[in-house]
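Chemist: Following the hints, complete the assembly by docking chain B onto the known chain A.
As a plain string of letters, each chain reads:
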Amino acid sequence: MKTITFDVKKRNQIALEMDEVIPDKIYSWEAEDFDKYAVPVGNSRFPITDFFDITVEGTADSPAEVKMIFNGDCGRVKYIGNKMSAGEIIVNGDADLHVGAEMSGGAITVHGNCEAHAGREMTGGTLEIFGNTKEFTGASYIGEWRGMRGGKITVHGNAGKQCGECLVGGHIHVKGDCDILAGIHMRKGLIEIDGNVNRWPGGQMKNGNIIIRGRLGRLLEGFVEEEIVTNPVINGIEFDGTFIKYKGDIALKGKGHLYIDAEKNRDKLSAWEDEDDEYISLGDNRLR
Amino acid sequence: MSYEPPITDYDEIVENCTCAFCGCNCDDLDYLVKDGHVVAVRHACRLGASKIMEDMDQRLIVPMVRGANGELEEVDWDTALDTAAEYIAKSVRPVFYGWSETSTECMKEGIELGEYIGAVLDNQATICHGPSLQAVQNAGYPIQTLGEVKNRADMIVYSGSNAMNSHPRHMGRYSVFPRGYFRQRGRFDRTVVTMDPKFSDTAKMSDKWIGFEQNGDYGFYNAIRAVLKGKKLTQNVVSGIPAEDIYELVEEMKNAEFGVLFFGLGLTHTLSKQRNIDIAIKMVMDLNRFSKWGLTPMRGHFNVNGFNIFMAYETGFAFGVDFSRGYTRYMLGETNTIDLLVRKEPDCFLVIAADPGAHFPNGANQHLADIPVIQIDIHWGPSTELADVVLPGSFIGVECAGTSYRMDGVPIYMKKAIDKPETCRDDEWIVRELKERVMKLREEPNVAPKYVPNPAAE
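First to last, the sequence lines map onto chains A and B. The numbers in the numbering used here rise by one with no breaks, and the one at position 61 of the first sequence is 61. The numbers in the numbering used here rise by one with no breaks, and the one at position 285 of the second sequence is 285.
Treat the hints with care, since some could be wrong.
Derived pair list, reagent style DSSO-like, types lysine-lysine, alpha-carbon separation capped at 30 Å [what the hints assert, rightly or not]:
#	chain 1	residue 1	chain 2	residue 2
1	B	Lys344	A	Lys253
2	A	Lys247	B	Lys254
3	A	Lys255	B	Lys231
4	B	Lys231	A	Lys264
5	A	Lys10	B	Lys344
6	B	Lys232	A	Lys264
7	A	Lys245	A	Lys268
8	B	Lys292	A	Lys206
9	A	Lys188	A	Lys152
10	A	Lys247	A	Lys152
11	A	Lys10	A	Lys36
Now the in silico label distances, taken between C-beta atoms and shown as ranges [claimed, not checked]:
#	chain 1	residue 1	chain 2	residue 2	range
12	B	Glu74	A	Asn71	48 to 54 Å
13	A	Asp53	B	Tyr327	39 to 45 Å
14	A	Asp50	B	Gln58	24 to 30 Å
Simulated coverage check for chain A against chain B, where a stretch passes if three residues somewhere in it have a Cβ under 8 Å from a Cβ of chain B [as the list claims (entries may be wrong)]:
#	region
15	34 to 45
16	61 to 74
17	187 to 197
18	228 to 239
Calculated directly from the structure, the hints in this document are not laboratory data. Think of the CB as a built atom: it goes at the ideal place given N, C-alpha and C, for glycine as much as any other residue.
For reference, chain A alone in the conformation it holds in the complex:
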């Protein structure tokens, strides 16, 4: 087992791009290899040792035997764990854009907040974020219709807009609130949201499941109420509680399912006749 520790010396204003520093590429590197390595910064490269104190302990014969630990504020360190297939990365601080994007295996844990694009198009592995994330968590890149395809993303804080956009597999669990259009265009997989959702989850979804335990601001017209279910089992996981089950998005002949907590969203029931449809304003739900 090899442990590589990156202690942040200084927060660079221009973001460092760490897509070349992933277990798959550096499992055989020793301290002197890092001394020679220059990290992309803007249109140039600078020695990585300008930004980190790097300690290498142990040896590894494969990426799976590598554990990378980032200590300090990595709020200007992009692409941490980008395209990694094995190994473990722990970030003790904030992380910048594209954490775990396109990863296919291994585990990333961020003990802080993440910028946008976390876990985009990931196909496997686990990404756990103890803070908030911004837009496009587990989503697809622009021009691509397939977002996250496998693995699991857990966000202990809030998630920004379009979380799980174009999801075609895997499991996203947001323990806080979620902004608009969670699961837009999704075709498979599961999005689980413990907190409130601003509006329009599952827009144009074709299949897959979204489960919301909190209050939903607004539902799209393309969702049809099917039934009230108790303790539903979705993708082999049992969810405690009573939920209103919708099918949608009908505007796309979708066969996806949206479950929202029945007690907290009583006004959404077709039998509900109170016209005072208060919804969560963006201001209440704005992140960070």
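Modeler: What follows is chain B alone, placed relative to chain A:
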């Protein structure tokens, strides 16, 4: 509006000029020229005419460099270009922003400079129709030319766009009023619908106003799509619009012979951003099962579309193109000018034919005040106050010729009508000079940021 007598005192008329204001690119203008200045413009709208008859009081005439005392000082062209080239050559994260009010020929020089130095090239789409371009990348582009609209369209929908104010000749020249081959009676052969939370001037000219609530666009379009698929609406009111009005509108849209949706920033910059356009495109695709429909973004500057078309052709991405790693990249939130500035990443900013000082949010402008800013423009503006080097360019379509792209993607050659001021230079020449000087500087040691070979790539 007071009466203005027609201009009769002029030396010559330059016919068939192209307007250098909005994305309509009206190419039927006549300039009345006296003593080397345009004194009147025929056929143009008031916006276009007022821009073409430029105010020489605000004209940037000579190159300037900000001196040690913090004031802009007049210098010769060599000094200004050398100073600007030095800023660019030493930069690690340069951003070249603007380009929408200059010629495509100038962009060609800019892209070479940007690729050489590893810059981010971005244009005004980043604060206007960027979401449209992102949606087009995902969902396609069911567009038609404005000529087809004029000759064929019998239903015109403006969504989130107030054409009467922003593109004053759009309705008169292309969409609503002109008599076309299949629309011989002009306005009487067309149904006009405006979808806008505000009862705008365009709505006043329309047959129908759909005043959905702010940020309600996505829900409203979703309801239209649901009805198009034959679904009965369950909510009595969707985004502030009664369900029966939505049924009626959908029926009209299905029965149109040729419908066109023109959309503006009211659609691109509400809550759902690119997903608004995405669903609008999908709605147009649904409508094409019943009739012929297309859509066109109401582009603002006369060549903002040109930059996007040119960049997409050359690099594969329409805007926010990052050359920093030696190949092209684009990522929303990462390589767009506003995001970069708010993150305080750029260390050199070239602004050409744009005014970020007037249009950018405060956080972005704060960073501009901290870094070297090079301005290539014809008018003094808020960006000049932020600029460290000012390079006076020339007015495309009036003082020099060039190519621009209309909002529907039709290229139009803009001809020269008058000579530029003696001390000004063509934008194309300025960018070419900058490129050559930057290349020369980068060849010298200790100018460029120190490059360290990368063992991982070897």
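Chemist: Hint by hint, note whether the structure agrees.
Modeler: Hints, verified against the model:
no.: 1; hint: B:Lys344 with A:Lys253; verdict: 45 Å, violated
no.: 2; hint: A:Lys247 with B:Lys254; verdict: 26 Å, holds
no.: 3; hint: A:Lys255 with B:Lys231; verdict: 14 Å, holds
no.: 4; hint: B:Lys231 with A:Lys264; verdict: 27 Å, holds
no.: 5; hint: A:Lys10 with B:Lys344; verdict: 16 Å, holds
no.: 6; hint: B:Lys232 with A:Lys264; verdict: 26 Å, holds
no.: 7; hint: A:Lys245 with A:Lys268; verdict: 11 Å, holds
no.: 8; hint: B:Lys292 with A:Lys206; verdict: 26 Å, holds
no.: 9; hint: A:Lys188 with A:Lys152; verdict: 13 Å, holds
no.: 10; hint: A:Lys247 with A:Lys152; verdict: 24 Å, holds
no.: 11; hint: A:Lys10 with A:Lys36; verdict: 19 Å, holds
no.: 12; hint: B:Glu74 with A:Asn71: 48 to 54 Å; verdict: 53 Å, holds
no.: 13; hint: A:Asp53 with B:Tyr327: 39 to 45 Å; verdict: 31 Å, violated
no.: 14; hint: A:Asp50 with B:Gln58: 24 to 30 Å; verdict: 45 Å, violated
no.: 15; hint: 34 to 45; verdict: holds (count 9)
no.: 16; hint: 61 to 74; verdict: violated (count 0)
no.: 17; hint: 187 to 197; verdict: violated (count 0)
no.: 18; hint: 228 to 239; verdict: violated (count 0)
The structure does not agree with the numbered hints 1, 13, 14, 16, 17, 18 stated previously, though it agrees with the rest.
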